[in-house]
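Participant: Residue numbers (our numbering), protein chains in the order written: chain A, 1 to 317; chain B, 1 to 222.
Calculated from the structure, these hints are not laboratory results. There may be inaccurate statements among the hints.
Claimed, not checked - Beta-carbon label-pair distances, calculated as ranges:
hint, chain 1, residue 1, chain 2, residue 2, range
1, A, T123, B, Q206, 34 to 44 Å
2, A, T123, B, R30, 29 to 39 Å
3, A, T123, B, L215, 29 to 39 Å
4, B, L67, A, L11, 52 to 62 Å
5, B, M146, A, S286, 53 to 63 Å
6, B, A5, A, A156, 15 to 25 Å
7, B, A5, A, V263, 23 to 33 Å
8, B, P119, A, L153, 16 to 26 Å
9, B, M179, A, S286, 57 to 67 Å
10, A, F138, B, T174, 21 to 31 Å
11, A, A39, B, A122, 38 to 48 Å
12, A, K37, B, V198, 37 to 47 Å
Claimed, not checked - Far from chain B, by Cβ distances over 12 Å, these chain A residues were calculated:
hint, residue
13, W6
14, G182
15, T208
As the list claims (entries may be wrong) - These stretches of chain B come out as covered by chain A in the derived footprint (C-beta under 8 Å, 3 or more residues):
hint, segment
16, 15–25
17, 126–140
All C-beta atoms, glycine included, are put in the ideal place defined by N, C-alpha and C.
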Amino acid sequence: MSALHWLTQFLQVIGALLTAPLFVGWINQCRAWLQNKSAPSVLQPYRTIRKLFHKDAVMAFDASPLFRLAPYVIFGTMVCAAAIIPSFGTRLPFSNAADAIALVGLFATARVFMSLAAMDVGTAFGTLGARREMLVGFLAEPALLMVIFLASLISASTALPVISEGLATRALALYPSLAFTGVAFLLVLLAENARIPVDNPATHLELTMIHEAMLLEYSARHLALMEWSAALKLLNYACIGFALFLPWGVATGGAPGPAELFVVLPLLTLKLAVAGFLLAMIETVSAKLRIFRAPEFLATAFLFAVLGLLVHLLLGS
Amino acid sequence: MNALAFDLQLLNTFAALLLLTSFSMLSQRRVVTMVNLLALQGLLLGAATLLLAWRTGQGHLYVSGTLTLLLKAMFLPWLLHRLIRRLGVYWDSEPLLNIAGTMLVGLLIVIFAFGLAQPIAALATTTTRSSIGIAIAVVLLAFLTMITRRKAMSQVVGFLSMENGLFFGAMSATYGMPMIVELGVALDILVAMLVLGVFFFQIREQFDSLDLHHLENLREDK
Chain A
1 MSALHWLTQF LQVIGALLTA PLFVGWINQC RAWLQNKSAP SVLQPYRTIR KLFHKDAVMA
61 FDASPLFRLA PYVIFGTMVC AAAIIPSFGT RLPFSNAADA IALVGLFATA RVFMSLAAMD
121 VGTAFGTLGA RREMLVGFLA EPALLMVIFL ASLISASTAL PVISEGLATR ALALYPSLAF
181 TGVAFLLVLL AENARIPVDN PATHLELTMI HEAMLLEYSA RHLALMEWSA ALKLLNYACI
241 GFALFLPWGV ATGGAPGPAE LFVVLPLLTL KLAVAGFLLA MIETVSAKLR IFRAPEFLAT
301 AFLFAVLGLL VHLLLGS
Chain B
1 MNALAFDLQL LNTFAALLLL TSFSMLSQRR VVTMVNLLAL QGLLLGAATL LLAWRTGQGH
61 LYVSGTLTLL LKAMFLPWLL HRLIRRLGVY WDSEPLLNIA GTMLVGLLIV IFAFGLAQPI
121 AALATTTTRS SIGIAIAVVL LAFLTMITRR KAMSQVVGFL SMENGLFFGA MSATYGMPMI
181 VELGVALDIL VAMLVLGVFF FQIREQFDSL DLHHLENLRE DK
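All chains, full assembly: derive it from the sequences and hints.
Facilitator: Structure below.
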């Protein structure tokens, strides 16, 4: 491992950390455009985070150490995930750890801490949010695993960099089964990141909240970390999607030199910009589902993923 | 598997997308979305037929492909949309089985269809034989769509989707039926749609709803 490898790895983590709020800001701006509203600045999430870091934290009287710890743990897992997802190159120092199942486990860890922290203070809304989050989570996880299993079947490995490299470097071949898992992955992404058909990120109605309800008790730097890790999670999911379905333009083979990075970075930016716009469009044209429809939504995702496996077995591609 | 020619891969992709549309149709409650999915299915079917025509050089497939595009991707959806607007039926009531259950049954049906298609595919000599299973699955899923819906509108959409599946099955097993049969079927579908369109108004006038369980009683008093 040369110094260049480590430098790229470092760049990838820092880049993910710094661009995550920008990605959220871009989505918000696109959504505002599409809904004929005047858009907030793309930099608004940065300002929010900065403002929150300058405030004094208020803690609930009954809060346990877990409540204080949770934001750091969640932020840590998201940074970890950002480090191992092959968004810049497939042969970076941390790539060996990027097993897809481990990645799903990382997200699950974050979810467990989030729910525990939400229930810790004992307010009604926190518990309600935690329960709903677990309901969504336990249905989304198998669907995500199924999506990954199909990609593993194609490239005979569960390591995300190997899958990505395998798909990116082979001769152009169409995989009809990937169409199914692509839809399934999109549904999981929407559900896991509290986007509109399942949850509304901009809601002020406590009764319909899932993700926001869990954050109600947090303030200042803890809230900033929570918001930041939510943005990172969305970015991570987008990058997993690129690794599985749009793997072209990621540096494969040896160390990505500066010249290669000049190709990788603009392409990644372009992919993120388009993905953000599409996400905003989906959120604009669809209405929020009733909470009891969410299991149905995720069952659809799971069944699409299974159907992808079946089609793969039938067509052999 | 990399030995497959690119156009064949494209055909397989069309086949998979056909299955995707019929599965999405199964998961839909809104009639309008179902009609849109039907139009998409017609478009995919037409594109697949034209591609197959180009690949095999069979003249009559060009005709039926164009006919499919005109009829199933444009005219019939337009007619259905018009009917929906005139009748004001945008929603189906709750399906008989809940959606998740329906889709689970749908999955089992797909497995069954794929198993059923294996011996047929082994006998067929066409290059598209691997998609026979998909065609059978589309037909059976359309059946399921018809069984689980109450309203006449969604049942008609299911019926048209079934015809799409049959057409695709004939195409992948034997490169399409003879021209005269295809023309006949297309005309049948068209006439059936027109008659059903009139029939919808009759049903609604009689029962004030498009719910078909009213038709199950012989007498007017229950």
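Participant: Go through the numbered hints given earlier and state which of them the structure violates, listing their numbers in rising order.
Facilitator: 1, 3, 5, 9, 10, 11, 14
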